[in-house]
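Protein chains in written order, with the numbering used here: chain R, 23 to 246; chain Y, 1307 to 1549.
I should point out that these hints are in silico values taken from the structure, not numbers from a laboratory.
Computed beta-carbon distance windows for the label pairs:
| # | chain 1 | residue 1 | chain 2 | residue 2 | range |
| --- | --- | --- | --- | --- | --- |
| 1 | Y | Glu1510 | R | Asn93 | 29 to 37 Å |
| 2 | R | Val126 | Y | Asp1490 | 34 to 42 Å |
| 3 | R | Met66 | Y | Phe1544 | 19 to 27 Å |
| 4 | R | Ala201 | Y | Leu1348 | 52 to 60 Å |
| 5 | R | His78 | Y | Val1342 | 20 to 28 Å |
| 6 | R | Pro128 | Y | Arg1481 | 40 to 48 Å |
| 7 | R | Ala207 | Y | Ala1465 | 19 to 27 Å |
| 8 | R | His78 | Y | Arg1448 | 45 to 53 Å |
| 9 | Y | Arg1481 | R | Gln200 | 23 to 31 Å |
| 10 | Y | Arg1481 | R | Ala207 | 30 to 38 Å |
| 11 | R | Lys147 | Y | Arg1334 | 41 to 49 Å |
Note that the Cβ used here is the ideal one computed from N, Cα and C, for glycine as well.
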Amino acid sequence: MSQIIVEQPQLQPEVSVETPVTPKPQHNGARAWQAGGLAVLLVMLLGGGLWWLRPHPFHGVLLQSPERAPNFSLTASTGAQAQLSDFRGKVVLLFFGYTACIDVCPLRLAELTQTMNLLGKKAEKVQVLFVTVDPLHDTSARLQRYVTAFDPAFLGMTGSPAAINAVTTQFGVFYDQQATTASKAIGHTSTVTVVDANGYVRLIFPGGLSTEEMAEDLRYLIAR
Amino acid sequence: MAELDLVVGEGGPAGIAAWPIGKTKFARFGYGLIAVLVLALLAFSFFQPIQVLPRIALGPGFAFVDQTGQRLTNEDLRGHLVLYTFTYIGCQAPTCPQTSQTLQLVQQQLTKIDTRGLPVDLVTISFDPEHDTPAQLATFARQLGADPSIWHFVTGEPATLKNVIGGNLGLYYNRNADGSFTFDPAFVLIDGVGIVRAKYRMAELDPAIVQRDLELMASEARNSQGAARFAYEAAHLFLCYPQ
Chain R
23 MSQIIVEQPQ LQPEVSVETP VTPKPQHNGA RAWQAGGLAV LLVMLLGGGL
73 WWLRPHPFHG VLLQSPERAP NFSLTASTGA QAQLSDFRGK VVLLFFGYTA
123 CIDVCPLRLA ELTQTMNLLG KKAEKVQVLF VTVDPLHDTS ARLQRYVTAF
173 DPAFLGMTGS PAAINAVTTQ FGVFYDQQAT TASKAIGHTS TVTVVDANGY
223 VRLIFPGGLS TEEMAEDLRY LIAR
Chain Y
1307 MAELDLVVGE GGPAGIAAWP IGKTKFARFG YGLIAVLVLA LLAFSFFQPI
1357 QVLPRIALGP GFAFVDQTGQ RLTNEDLRGH LVLYTFTYIG CQAPTCPQTS
1407 QTLQLVQQQL TKIDTRGLPV DLVTISFDPE HDTPAQLATF ARQLGADPSI
1457 WHFVTGEPAT LKNVIGGNLG LYYNRNADGS FTFDPAFVLI DGVGIVRAKY
1507 RMAELDPAIV QRDLELMASE ARNSQGAARF AYEAAHLFLC YPQ
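Could you put together the complete structure from these sequences and hints?
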C-alpha cells in the first residue's frame, strides 16, 4: 500500500518537471499581457473620463445658485412685454445701462457684439438683454435704435421706475437714482450677469475679461 | 504607448522570462492606480481637506444712507467681506430679537480673525426709515460702541428696503399697527463680488461661526488660483461645506 503511494508521486514530477517549464511562464505571460492591457485601458478610460469631467476653468465668476434667477416682466424694445423666463433654452446675458451713457455702456455692448461674432452660429443660443436704468428717458423705440446699432439680435428692456428698481436690486446692480436725468451721467454696476438655459444665474462677467474669454465660457454653457 | 512598443520590440526569447513578472507588476500598478484615484476622490469628499462656503445667489444692489448721512452702495463694498443684519432702533428686548448684539461681539473679535488682508464690514439695515433717521442711527451706533470705519448703520426708501430685504434676500419683515415690527431675525454674509455665501436665520449667531466662515471666504479668495482653483472647484462640486 505504502509502496504504490510513494511511486505515484515520483512518476508525476518526472513528467511534469521537464516539459511545462517553458510553457508555464508563456501562459502567465499571456495572462499578464491581458491583465496589463486591461489595466492600461482602464487607466486610460478613467483618465479620459476624469479629463472629460474636469471642471471648465471659467473666466467669469461662478455661481451655483440652488434657485432659479428671479423672474421679471419688462417691456422689450420691440414694444412687446417680455419675461426672463421667455428665454429658457438660451443663455441670457443681462447688462444694465442707459442709452445716453457715453463710457462703459457702449464699450461693454461693443465687447458683447464681438463676443457674439466669436461664437458664430452658436450666438443663436445666446440672448443679450440690455436693461435700462433710465426708464424715464429710455423708451422702447429709443432702446431699439440703440441696441440694434450694436447687434440686431440684442434686446433692450424698460419698465416703470419701480419695476427697474426691483430688477436691479434682485441682480445686485446699483444705479444712481438721484442722477436719472439725461443731462447727468448715471453711475451704475457694469458687470454682465449670465443666466443659463435652465434659468439659473451661472456667471458674472466682471469688467476686464477679453471677448475670447467670455466666448469660451459661453461655448461651455451652450454645450451643456 | 511608447512603453508598449518597447515591450514588443524586446519580446525575444530572453525577454520572455523577464517580462511576465514585469507585466504582472505593471498590471498591479494599473489597478493600484485606479484604486488610489477612486480612494482619493472618496477621501476628498469624506475628509474635505478644503472647505468652502456655497455660492448661494446674487446679493442685492442698493444705495442706502448711513449714520453719517453719506450714501452707501453695494459697489462701495465690492472687494469687502460683509456681514449684514436687519433691525430697527425701537426693537426692545426681550420680545424683539437683538441682532445688533451679535455684530457687537463680532466687532470685538475682528482683530483675531485672519481675513488675509481683506477688509470686513458690518452693516445693520434699519427697515424703519420713518423713525431711524441718520442722526438717530448715529446715536444708536454710539450706544453700541460701533467703529464707524467698520460698522455701518443704514436705511433707505421703503420700496428699496422691501426690494433688498424681502425681494433679494427673501427675509420677512412687517410693520405692526402700533409701529413695532415683526421680522425674521437673520444674518447674511456676502463676499467681495457680491455673492451671498451664508444666510443664518437666527436671533443670535455664535461669533466663532462668523470667524470660521470669514476665514473660509478669505482663504478661498486668496488661494483659489491656478491649479489650486481646481481643488476649490472640486470642494464646491463635492459640497465640502462646514458642518
